[in-house]
Amino acid sequence: MIGLKCDWLLEEKPRHFVTEDYQAGVPRWCPGCGDHAILTSIQKLCKAEQFAPEETVFVSGIGCSSRFPHYMKTYGFHSLHGRALPIACGIRSRRPDLNLFVVTGDGDCTSIGAGHWMHAIRYNMKMVVLLFDNQIYGLTKMQTSPTTPAGAYSNTHPNGAWIEPLNPISVVLGITNASFVATTVDWNPPHLYETIKAAYQHDGLSFVRIVQRCPHFTPNYFTNYMDDPSKVLMMSHEDGIPTTDTMKRYFKNSTVHDPSDLNMAREFASKTDVMPIGLFYKNTNAQKYHEFSSVGMNTTNEAKLEALEKELGRFSI
Amino acid sequence: MYPITPATSVTHYMASVFKDVGGFVHQAEDEIAAIGFAIGASYAGKTALTVTSGPGIALKTEMIGLAVMAEVPLVVVDVQRGGPSTGLPTKVEQADLLAILYGAAGDAPKIIIAPATIEECFHFMISARKLAEQYRCPVFVLTDANLATGVQPFPKPQLKEEWLSPPIDQSRWDTNVKPYDWDPETGVSPRPIPGQKNGNYVLTGLAHNSSSKVAYESEANQNATAMRSRKLATLQKSLKPPSINGDESGDLLIVGWGSTLGAIEEAVETARAEGTSVSSVHLKFLSPLEPGLEEIFKKFKQVITVEINYSDDMNDPMYNRGNMRHAQLATILRSLTLVDIKSWSRVPGFPLQPEMIHQVINDEVAKLGGTK
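If you read the sequences in order, they're chains A and B.
Per the working numbering, the very first residue in the first sequence carries number 327; after that it's consecutive.
Per the working numbering, the very first residue in the second sequence carries number 7; after that it's consecutive.
Chain B extracted, bound-state conformation (with noise of 0.2 Å):
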C-alpha cells in the first residue's frame, strides 16, 4: 500500500492485526512500487492485495496491465472517491468504473466486483483472491467512501479452513504443459511458481505464445488476446443472474451497485407502498456483468441506473442521444444490452439519500404515464 484516503483505514486496520495471521503490510514508497510489489509476491507464489483510491488507480496503470498480460493473479482494492484528480478525497463517488474496465494500453480484461454492503466487503475479498487465482487474472474489488467509513452489525461468519490461501505448489511441473497452455474452451491455464522444478519459464509483458516466448507474429498475438478475454465469458458461465427487488416486470426497473443498495431500496419500497410500479435490481459483477440482463431489462417500460457519478442532464436540452455522457454502470449496460437505459446521477460528495431517489422514481413513472 502507499497512503491514500480514504484507502488508508484498510492498511491501519491490517498492520494491527495481519502478524497474527502470518501476514504482512508492505508501505511502499509509491503506488506503482506498492502494485509492483504485490505482483513479485503473487508471481512467486503469495497471495497479495493492493489497497488504494483512484489517483492511485491512475498511477498503478501499467502495471495492472503487465499483471493481464503476463496473468499473475492479484487482488486490488479501489476504495473510491470524487475525482477527476485530486478531486475529493473525503467524499464518495462510483466514479472508478470505467477507468478501471477501460484504462489500460490494448486490450486489457479483469474481474471487477463490487460489494454494496460491510457483509459483502467481507465475503467479496474471498471470492476475490480465489477468482484471481482461478482465472489467473487480477480481481479489482470496487467499494467506496461510504462503505469505508461505514459501520453495520452482521452475522459472526463461521470461519472455514477452505477461505485461507492454500500453500505455495513447489511439486514437480509436468514439462508437457507449457506456462500459459491456454484451455481453448475457457482461457483458463494453470501457472508455474519459482520453486517448481521444470517449470522454470520466463514471464514478460511482451506479446508472447503459450510456451511464454516473445511472439510479434499476428496470430499469436490475436490467439493470446482471444484466450485472456475468453476467461470473463468462462466467469460469467458459473454466475446466476441478479435477483429481483420487487415484480420481474412492470413499468420501471432502477439499477444500482456499491454502496447506494440501501437507498434504493428503500426508495423502491416507499414508491411500491404508493403503488409505483418499479423494481430495483443491485449488480455484484460489473466485469463480466451477470448473466440475464438484457432479458431482465425487457420486462420494463424504462430501465435507468441510479449512480453516485456524472452523467449529463437527460433533461437539459442540450443533450441529444448523439451527444449525451451517461453515468458509467448505464454506458456499459446499453453497450451490452442495446436497451435504451437512462441514467440518473449525481457527485455531491455524500451517499445518496432515499428521498432523492424516489423523487426521480416519481418523475420518470409520470414521464412513462404510469399510474400510482
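Next comes chain A alone, as it looks inside the complex (with noise of 0.2 Å):
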C-alpha cells in the first residue's frame, strides 16, 4: 500500500502533453477536406513543442478554415469575418506568454479582411498565419475569391471568374516588414508539418499560405500537381522549411533559393509555370511592434499611483 504525503497534493507534476490533449470533438469538414491535414499538422506539433493547452490560443475569422478553433483543446477565439487577425494582434500586443496562431482562408484574409492583413504583416507581432487557400468560398456555397483562378467557374460567377486572381504571396512580398512569407501544400505531411514548424519557431508574424483542397467545390484545382509533383517547384536553403530526402523524391523539381533575398522571392513568387512551395523570404531583424506596446506593462500598482498624482497635479491650481 503506497501511503499519500500530503505536500504531494500541492506539488506541480511535470506535464507530459499527448495528442489528444490538444483534440477537441469531430472535425465537420467534409471527407477529404485539406484542413483535416492541417490540424494534424497543428496538434503534432502543439506536442513535438508541448504546448501547455491553457497557454496556446487559435484565433480565426469566418470560414470552413475558422472553423478551427473548434477541434483545438485549447484556448480559441472564433471571431467575425475577415478580422481575426486585429483581435490576435490585440491579443499579442501585452501577451507575450501565449502561443498565437491566426487560421483564415483566401476569402477571409485576402478579401473582407484584406485591410488588416496588410497591416498584420507590416506590424509583425509574434505569431503564425496560416492561410487556408482552397481558392473558393466554401462555407457559403462556392463564390468567387479573390485568388480563385480567371475562367473557373463558380456560382458568382457561372461563366467563369472574370479576371486573374490575387497572389498573396507577392502582395505579403511587397509589403513593409514582412518578417516569413512561405508556401505550402495540404497534400505533403511532411513539408507541410516542417513549414508550420519553421513558421512557429520564427520570432515575427509568420505568414504560411497552404494551398488546401476543397474536395467538394474544386476537386480538379490541383490535380495537375498532384498528378505531376514536377509542376511544383521546391525552393530549398539551409535558411529555408528543412527539406528531407522523402520529400526530395516527391518533388524532383526544387532549386536552391536564399531567403534572405527579396529581390529573388519576388521573382519566384511570380512565377506562373510551376507553383513554388517553401519558404519565399524571412528578415529576423525586422521590428517587431509588440515590443513596443509591451513596454510598461508590469508597471506596480504604487507607480501608476505615483505617475497619476503627478499628471493631475500639473492641473492644480
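Among the clues, some could well be false.
Straight-line distance between alpha carbons at most 27 Å, and here's what the computed DSSO-like set of lysine-lysine pairs gives [to be verified]:
1. A:Lys373 <-> B:Lys219
2. B:Lys162 <-> A:Lys630
3. A:Lys339 <-> B:Lys203
4. A:Lys630 <-> B:Lys184
5. A:Lys452 <-> B:Lys52
6. A:Lys636 <-> B:Lys162
7. B:Lys307 <-> A:Lys399
8. A:Lys452 <-> B:Lys348
9. B:Lys52 <-> A:Lys630
10. B:Lys219 <-> A:Lys467
11. B:Lys25 <-> A:Lys630
12. B:Lys348 <-> A:Lys399
13. A:Lys636 <-> B:Lys166
14. A:Lys373 <-> B:Lys184
15. B:Lys219 <-> B:Lys52
16. B:Lys166 <-> A:Lys630
17. A:Lys452 <-> B:Lys25
18. A:Lys636 <-> B:Lys136
19. A:Lys370 <-> B:Lys166
20. A:Lys399 <-> B:Lys219
21. A:Lys370 <-> B:Lys203
22. B:Lys52 <-> A:Lys614
23. A:Lys339 <-> B:Lys166
24. A:Lys636 <-> A:Lys557
25. A:Lys557 <-> A:Lys574
26. A:Lys399 <-> B:Lys184
27. B:Lys348 <-> B:Lys307
28. B:Lys52 <-> A:Lys636
29. B:Lys203 <-> A:Lys523
30. B:Lys25 <-> A:Lys636
31. A:Lys614 <-> B:Lys25
32. A:Lys373 <-> B:Lys203
Quick caveat, the hints were computed from the structure, so don't treat them as lab data.
Bring the two chains, given one by one in their own frames, into a single complex with the hints.
Written as C-alpha cells, this is what we have:
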C-alpha cells in the first residue's frame, strides 16, 4: 500500500501532453478536405513543442477554415469575418507569453480582411498566420474568391471568373516589414509540418499560405500538381524549410533559394509556370510592434498612482 | 483608436501620458481594427478602451455585437458630433444614443452611461471599467464635442488603488465552472482568461450554450439571449432613482442627459425664480435607465426632454401622434414608462443656450395654463 504524502497534493507535477490533449470534437469539414491534414499537422506540432493547452490560443475569422479553433482543446477565438488579425494583434500586444496562431481563409484574409492583412504583416507581431487557400468560398457555397483562377466556374461567376487572381505571396512580399513568407501544400504532410514548425520558431509574424484542396467545390484545382509533382517547384536552403529525402523524392523539381534575398523571393512568387513552395523570405531583423506595445506592462500600482498624482498635479491651482 | 474628430483629443492626451502609467495607445489601421484590437486585449485579460465618434461607431457595429454576444468586457467612448454621415464633425450633437442602443444585428443589450460634467467624465471612466468587468459586457460612455472641448475646474480627486485594474487572473480555473456559467438570477458569469489552467474554451460569435459550444437549438439561443439581457435588469436593481432639481411635483419636468446639464439647470433656476412650477432631472444611466422614473414623471402635468438631436416640431400641423418622430431619449422614455412625454430638441451645431430652454419652459407652462 502506498501512503499519500500531503505535500504531494500541492506539488505541480511536470506535465507531458499527448495528441489527445489538443483534440476537441469531431471536425465537421467534408471528407477529403485539406483542413483535416492541417489540423493533424498543428496537433503534431503542439505535441512536439509540448505547448501547455492553456497557454495556446487559436484565433480565426469566419469560413470553413475558421472552424479550426473548435477542434483544438486550447483557448480559441472564433471571431468575425475578416477580423481575426486585429484581434490576434490585440492579444499579442500585451501577452508575450501565449503561443498564438491565426487561422484564416482566402476570402477571410485576402478579401473582407485585406485591410487588416496588410497592416498585421507590417506590425510583425509574433504569431503564426495560416492562410488556408482553397481558392473558393466554401461555407457560403462556392462563390469566387480573390484567389479563384480566371475562368473558373462559381455560383457568382457562372461563365467563369472574370479577372486574374490575386497572388497572396506577391502581396505580402510587397509589404514593409514582412518577416516570414512561405507556401506549402496540404497533400504533402512532411513539407506541411516542417513549414508550420519553422513558422512557429520564427520570431515575428510568419505568414504561411497553405494550398488547400476543397473536394466539394474545387476538386480539380490542384490535381495537375498532384498528378505531376514536377509542376511544383520546391525551394530549399539551409535557412529555409528543412527538406528531407522523402520530400526531394516526391518534389523532384527543386531549387536553391536564399530566403534573405527579397528580390529573388518576389521573382519566385510571380512564377506561373510552376507552383513554388517553401520559404520565400525571412528577415529576423524586422521590427516587432509588440516590443513597443508591451513596454511598461508590468508597472506597479505604486508607480501608477505616483504617475497619476503627478499628472493631476499639473492641473492643480 | 483611429483618428476621428472630435475624439482624437482624448488619444492625443493619452498618448502623451499613458506610458507613465504603464499603458499604451494603439493607432489602428481603421475603426474596425481599433475595436478588434481592444476586444483581443480584453479577451486576453487586459483592460481595454476604444474611443471614437458617431461614424466610427457605425463602423464598429459588428464588433460591438461580437463583444455583446461573447461577453467581452470593453469600454467604448463615443464623443458625439453632428450627423448623419460626415455631418458636422466639429459640432456638438447628442444623436448616437439610439444607434448605440439598437444599432446591432440581433438583440445586443449593452450598458450606456452619459457624464454631464467634466468631473463626471473623470469618474465615469473608472465606473465604466468596473461595470464592463462585473457585467462582462461593453459599456458605452457618451460624451460630446461640447464636453470634449470644454474646460471646467473640479476638486482634485483623491486617487485610490481600487480604481486601478487588478492584475490578470492566472489562477487555476475550477473545472466545474463553465465558460458562461450564467447565474439564472442575474445573468452574470465569471470568465476564464487565456493562461488559466483548465479554463480552455473557444470564444465564438455564434450562438452558444454555457459551455461555449456552438448551439443552434432554439432553447439554448432563447436562454443565452435572455441571460445577456438579464444583466441590465440586474444592474438597474443596484441603481438609485435620479435626484430632482426643484420640487418633486408640479407643472413641468424637464429631462436631459449629457452636456446640457448646466444650460437646463440655469434655465430652470431662472424660471423658478419667476415663480414657474418647473423642475428637472438629468439622467446618467441611459441603459439600463435609472429606476423610479415613471413615479417621478407622474407627479408632473407634463414631462419634456431637452436634447441636442432631431425631433419633429410638435407645433407643426404636419405631425400627429401617429407620425411624429421624437427626440432620442424621449423615444426611449416613452416606450419604457408609457408616459406621454414630449420632446424639444434642436440640431444647431452649438450647445443649447439657457435662454432657449427658458423660452421652451415658458411656452410649455403656458400651454398647461400654468401659473407664474
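Now the hints, each set against the structure:
1. A:Lys373 <-> B:Lys219: holds, 24 Å
2. B:Lys162 <-> A:Lys630: holds, 17 Å
3. A:Lys339 <-> B:Lys203: Holds, at about 14 Å.
4. A:Lys630 <-> B:Lys184: violated, 34 Å
5. A:Lys452 <-> B:Lys52: holds, 18 Å
6. A:Lys636 <-> B:Lys162: Judged against 27 Å, a Cα distance of about 12 Å means the pair holds.
7. B:Lys307 <-> A:Lys399: Measuring from Cα to Cα gives roughly 62 Å; hence the hint is violated.
8. A:Lys452 <-> B:Lys348: violated, 56 Å
9. B:Lys52 <-> A:Lys630: holds, 16 Å
10. B:Lys219 <-> A:Lys467: Holds: Lys219 of chain B and Lys467 of chain A sit about 24 Å apart, inside 27 Å.
11. B:Lys25 <-> A:Lys630: Roughly 10 Å separates the two Cα atoms, so the pair holds.
12. B:Lys348 <-> A:Lys399: At roughly 56 Å apart (the allowed maximum being 27 Å), Lys399 of chain A and Lys348 of chain B break the hint.
13. A:Lys636 <-> B:Lys166: holds, 14 Å
14. A:Lys373 <-> B:Lys184: holds, 26 Å
15. B:Lys219 <-> B:Lys52: holds, 24 Å
16. B:Lys166 <-> A:Lys630: Cα-Cα ~11 Å, so holds.
17. A:Lys452 <-> B:Lys25: holds, 22 Å
18. A:Lys636 <-> B:Lys136: Holds, because 24 Å separates the two Cα atoms, which is no more than 27 Å.
19. A:Lys370 <-> B:Lys166: Since the Cα atoms of Lys370 of chain A and Lys166 of chain B sit roughly 49 Å apart, the hinted pair is violated (cutoff 27 Å).
20. A:Lys399 <-> B:Lys219: holds, 12 Å
21. A:Lys370 <-> B:Lys203: holds, 21 Å
22. B:Lys52 <-> A:Lys614: holds, 20 Å
23. A:Lys339 <-> B:Lys166: Since the Cα atoms of Lys339 of chain A and Lys166 of chain B sit roughly 40 Å apart, the hinted pair is violated (cutoff 27 Å).
24. A:Lys636 <-> A:Lys557: violated, 67 Å
25. A:Lys557 <-> A:Lys574: holds, 14 Å
26. A:Lys399 <-> B:Lys184: The given pair, whose Cα atoms are some 15 Å apart, holds under the 27 Å limit.
27. B:Lys348 <-> B:Lys307: OK: Lys348 of chain B and Lys307 of chain B at ~11 Å, within 27 Å.
28. B:Lys52 <-> A:Lys636: holds, 24 Å
29. B:Lys203 <-> A:Lys523: holds, 24 Å
30. B:Lys25 <-> A:Lys636: holds, 13 Å
31. A:Lys614 <-> B:Lys25: holds, 18 Å
32. A:Lys373 <-> B:Lys203: Given pair Lys373 of chain A, Lys203 of chain B holds - Cα atoms ~17 Å apart, limit 27 Å.
Taken one by one, the earlier hints fail for this structure at numbers 4, 7, 8, 12, 19, 23, 24, listed in ascending order.
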